[in-house]
Amino acid sequence: DTAVSQTPKYLVTQMGNDKSIKCEQNLGHDTMYWYKQDSKKFLKIMFSYNNKELIINETVPNRFSPKSPDKAHLNLHINSLELGDSAVYFCASSQGPITYEQYFGPGTRLTVT
Amino acid sequence: DQQVKQNSPSLSVQEGRISILNCDYTNSMFDYFLWYKKYPAEGPTFLISISSIKDKNEDGRFTVFLNKSAKHLSLHIVPSQPGDSAVYFCAASGRTYKYIFGTGTRLKVLA
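Protein chains in written order, with this note's numbering: chain A, 23 to 135; chain B, 51 to 161.
Do not rely on the hints blindly, as some may be mistaken.
Sample of chain B residues lacking proximity to chain A, with all beta carbon distances greater than 10 Å (derived) [said to hold, decoys possible]:
hint, residue
1, I70
2, D74
3, E92
4, S99
5, K104
6, F151
Think about it this way: if two alpha-carbon atoms lie no more than 25 Å apart in a straight line, the pair counts; the simulated BS3-like pairs of lysine-lysine are [to be verified]:
hint, chain 1, residue 1, chain 2, residue 2
7, A, K44, A, K74
8, B, K158, A, K41
9, A, K93, A, K31
10, A, K41, B, K55
11, A, K63, B, K121
12, B, K148, A, K93
13, B, K148, A, K74
14, B, K158, B, K104
15, B, K158, A, K62
16, B, K106, A, K89
17, B, K121, B, K148
18, A, K58, B, K118
19, B, K121, A, K62
20, B, K55, A, K62
21, B, K104, A, K63
22, A, K31, A, K63
23, B, K55, A, K63
24, B, K148, A, K63
25, A, K58, A, K41
26, B, K55, A, K58
27, A, K31, A, K41
28, A, K93, B, K158
29, A, K62, B, K104
30, A, K44, B, K148
31, A, K93, A, K62
32, B, K118, A, K89
Hints listed in this document are in silico derivations from the structure and should not be mistaken for laboratory results. Just so you know, even glycine gets a beta-carbon here, dropped at the ideal spot from N, CA and C.
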């Protein structure tokens, strides 16, 4: 009965490849997020969707494309992977977009070689 | 430009004593603050929050204090327990749909 789940948990791939990370929440939340935690442990928001509508799109390369097929899912597709994309990616959800605590998934550790 | 700062990367406290984790912010538009706890290989878990209309919020062993004039908040854990050993993140929001996170403080509670 995991609240926010991500697959895969670990992803090792070579530069130039395209990969996807999937996220699902079963909390009935309206808002979902993707965060990146880099080697310095900064946790930075990348994207947020509210009711399938993009509401936050931070300054990330356009190689990163989120897709929200429905309110319960927010997938992250990354094209032409680079070494600097290596990080832990967290998916999160919240009841609404403002002043609601976020529930995080376990993270996906992406390693680009 | 780090708008939310946790200047202590680590803290060690004896079991049963008080743990105080600090967080400073620079943006006066921030009006909602949260603390998260994170264990290794897991996602952050929400702990406690506070709105800028309050200066204190308490939940069991956890209390968050907000000093708006100093742009400072702190998390008090009392009494500290070994299971509290984790990385603690503060986060702030100014109603722009996004939270800015600090870099975290690693708390170690010694038995």
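Status of the hints after comparison with the structure:
no., hint, verdict
1, I70, "holds (20 Å)"
2, D74, "holds (16 Å)"
3, E92, "violated (6 Å)"
4, S99, "violated (6 Å)"
5, K104, "holds (13 Å)"
6, F151, "violated (4 Å)"
7, A:K44 with A:K74, "holds (15 Å)"
8, B:K158 with A:K41, "violated (36 Å)"
9, A:K93 with A:K31, "holds (22 Å)"
10, A:K41 with B:K55, "violated (33 Å)"
11, A:K63 with B:K121, "holds (23 Å)"
12, B:K148 with A:K93, "holds (18 Å)"
13, B:K148 with A:K74, "holds (16 Å)"
14, B:K158 with B:K104, "violated (29 Å)"
15, B:K158 with A:K62, "holds (19 Å)"
16, B:K106 with A:K89, "violated (39 Å)"
17, B:K121 with B:K148, "holds (18 Å)"
18, A:K58 with B:K118, "violated (29 Å)"
19, B:K121 with A:K62, "holds (24 Å)"
20, B:K55 with A:K62, "holds (13 Å)"
21, B:K104 with A:K63, "violated (29 Å)"
22, A:K31 with A:K63, "holds (18 Å)"
23, B:K55 with A:K63, "holds (12 Å)"
24, B:K148 with A:K63, "holds (18 Å)"
25, A:K58 with A:K41, "holds (15 Å)"
26, B:K55 with A:K58, "holds (18 Å)"
27, A:K31 with A:K41, "holds (13 Å)"
28, A:K93 with B:K158, "violated (38 Å)"
29, A:K62 with B:K104, "violated (32 Å)"
30, A:K44 with B:K148, "holds (21 Å)"
31, A:K93 with A:K62, "violated (31 Å)"
32, B:K118 with A:K89, "violated (38 Å)"
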